[in-house]
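S.K.: Below are the chains, spelled out letter by letter.
Number of protein chains: 2
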Amino acid sequence: MTKAAVCTIGDEILIGQIVDTNSSAIASALEAAGVRVTRMVSISDKRDDIIGSLRKLLSENDIVITTGGLGPTKDDITKDALAELSGSTRYIENAEQKEIVCEILHSRGLDILDNNLAQAMVPETARVILNRLGTAPIMVFRIGESVLYSLPGVPHEALGALPEVIEDIKAGFPLSHILHRTVMTFGMAESALSKLLEPWEDALPEDMHLAYLPSMLTGVRLRLSLYGSGAEGESERLENELTKLKGLLGDMMYSEQDDTLENALGKLLLRLGKTVSAAESCTGGEIAHLFTSVSGSSAYFLGSVTSYAVSVKEKVLGVPSEVIEKHGVVSAEVAEAMAIGVRKLLGSDFSVATTGLSGPSGDGINPVGTVWIAVDGPLGPRSRRFNYHNDRKRNIERFSSAALNFLRLYIISAL
Amino acid sequence: MTKAAVCTIGDEILIGQIVDTNSSAIASALEAAGVRVTRMVSISDKRDDIIGSLRKLLSENDIVITTGGLGPTKDDITKDALAELSGSTRYIENAEQKEIVCEILHSRGLDILDNNLAQAMVPETARVILNRLGTAPIMVFRIGESVLYSLPGVPHEALGALPEVIEDIKAGFPLSHILHRTVMTFGMAESALSKLLEPWEDALPEDMHLAYLPSMLTGVRLRLSLYGSGAEGESERLENELTKLKGLLGDMMYSEQDDTLENALGKLLLRLGKTVSAAESCTGGEIAHLFTSVSGSSAYFLGSVTSYAVSVKEKVLGVPSEVIEKHGVVSAEVAEAMAIGVRKLLGSDFSVATTGLSGPSGDGINPVGTVWIAVDGPLGPRSRRFNYHNDRKRNIERFSSAALNFLRLYIISAL
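Note that the protein sequences, when read in sequence, are chains A and B.
Start counting the first sequence at 1; every next residue gets the next number (this note's numbering).
Start counting the second sequence at 1; every next residue gets the next number (this note's numbering).
To be clear, the hints were calculated from the coordinates, so they are not data collected in a lab.
Please read these numbers as outputs of a predicted model, since none were measured by experiment.
Yeah, the Cβ is synthetic: ideal placement off N, Cα and C, and Gly gets one too.
Wrong hints could be hidden among the right ones.
Claimed, not checked - To be clear about the criterion: a stretch of chain B counts as covered by chain A if any three or more of its residues have a C-beta under 8 angstroms from a C-beta of chain A, and this derived list gives those stretches:
| no. | segment |
| --- | --- |
| 1 | 33-41 |
| 2 | 112-124 |
| 3 | 297-308 |
| 4 | 333-347 |
Can you build the whole structure from these sequences, using the hints too?
M.R.: Here is the structure:
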């Protein structure tokens, strides 16, 4: 199997100022392409350290991907180190990258300085993949038997270049023929899900494998992979198993892509031409934030009321004070009254509401982590209690995800 | 200077399933204690790889901190590898950790299995620091001239143990005597701030240094450090320079601790006994989410209205439709009407409102990244336009931070 190492270069990582997210994204893309990542390393901006570490990684791997150290300031010495490592004696200008450099500086209203133009100069030993999102080009070096890809450190530039780098790797290395299909699920924990799927999973052909990738916010992502030879019929065999998997998952599955709940819910509402609103107590605005984080959400999300104080529940949402007194703020009755109230106030087709205890303290009756979620719509109000066991921040996130999923199931049942 | 390496162990990092946040937190704590981190490495759960990599890191560093590979399943072989590396021939039980293991499983309603109890067994060569948040203890090994700390991989367990580990390092190694003071600022970019502070910074004594740690959400964190000898008067000298720095910063400084804007604003409101509400268009609930992410925020945050649709601005917040027609949704007039409307509706002392374009598309007049922020309170409404140049997600975050800061400055001016 083709082996790779990922190396991030820069003091800002070693002093803990920045969390390295590039390595994880690169490793994930390599793994999906059938390349095994043997090691990730973060090193300083010191020349000896860069050359020594890269030489060792190159001797142990077919591919080394670096990020960082390509900026215009004097700290950034990766390019010089790579020139030395690859035996380059001179730099040549890449005209296309130079044009991009000028365009970017111009669009930001900045003068073009010598050290900016130097970004488009590359060692003669380097092959260039253009960086359309920044000034430093991606450089590809053949060093001994191995290939080194040098990517910029700015995450959105590194990730922007990644698909082209992966294509380059696919063209240059004998990779396994891997097919992947992803489905997103919500509502069942990884352990319970694996129990449900066990009989089907055990009967999978030898060349197929199911991976569980749980996330608190988006549920369990399932990736079904076929490690094949490119033979005919492999794609159909994968699709057949996927169909069986979908049958087992039922309405727990919310997307057949690598998607988020808020995105999938948005597509559903767009398709139906329906609108939604939210009334939030314990989630404090997070549900509205999730809805509006999706581009184009103004087509279906009308707005929300964060009713943190009891007076706002009563005055703005019209929750009767007797209901609050009789059942308590954290109750099915209050959740439903909030959902009904906000749907009426904002005039939406559907609504969702939350009332609960995100922490750190309970209310003397319900423990921290208790939430009542309600929805309202053409079928009338529905509500359900959920219990989680996290700190405040994570409870708010889980309550919000659970609310989006509860709404999704209600909308589906109303179809 | 004492040198350290950080090593995370586990296949889940190498396949890109998990972003390694432990290394960054550990590096940051080491750096603050005066230890230089030379390298971070992520390796697989393979015995040879663990032993080979750790041996090399130990030969090059005074301290090695590992996280991960200590779970109860058969993948987790770090403890065995460390036993071999440290020349241990037998395991002994740590009674206190055993008690914690039993307590934790009991509180989760789980049976106590043999592999759980095995968590409390440690190589005889290990000194134990208790893990009060999980089942695997922190193990300390002296190997040759160096010391290895083995921490669990679960982030909140690793971070929970970190202060004790740092104390242990401080007691065992000759560290520089470092004093730090942190202040948080908002409203000026790093480059402009550094220009403002340059004369003062240039005049700092040789043993003092100012570090700029910019963050989009919390502004620029400034850390003033004194690298001393423990001599008398060092602390006073640092305080003197801090006083000068605070004078230069004026009301850009919002906290003298490592704090967030929403937390500092919460403390201010609590101290004044005043309440606040929000009306959000383009920030879509994020301001409410920031307010309510602070424990105890119900004492001052009454609630908010997310008025994504124009109809909600008119019907719920009472923004006159003529104002919207005349000035457009993204305008000072609409922002102020929203702030006035929500303050009246929810009955709060202060309010804050946003209307703008987070992206991806503009409105034909204003470019993406334009936001009008308004506040209302005892001094009457105030508003200001800000322009940012980011993608949707980051614009929403920056708009929200700018709004919190605008409100903070208004409240201060109303005192």
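S.K.: If you check each hint against the structure, which ones fail?
M.R.: Hint 2 is the one this structure does not satisfy, whereas the remaining hints hold.
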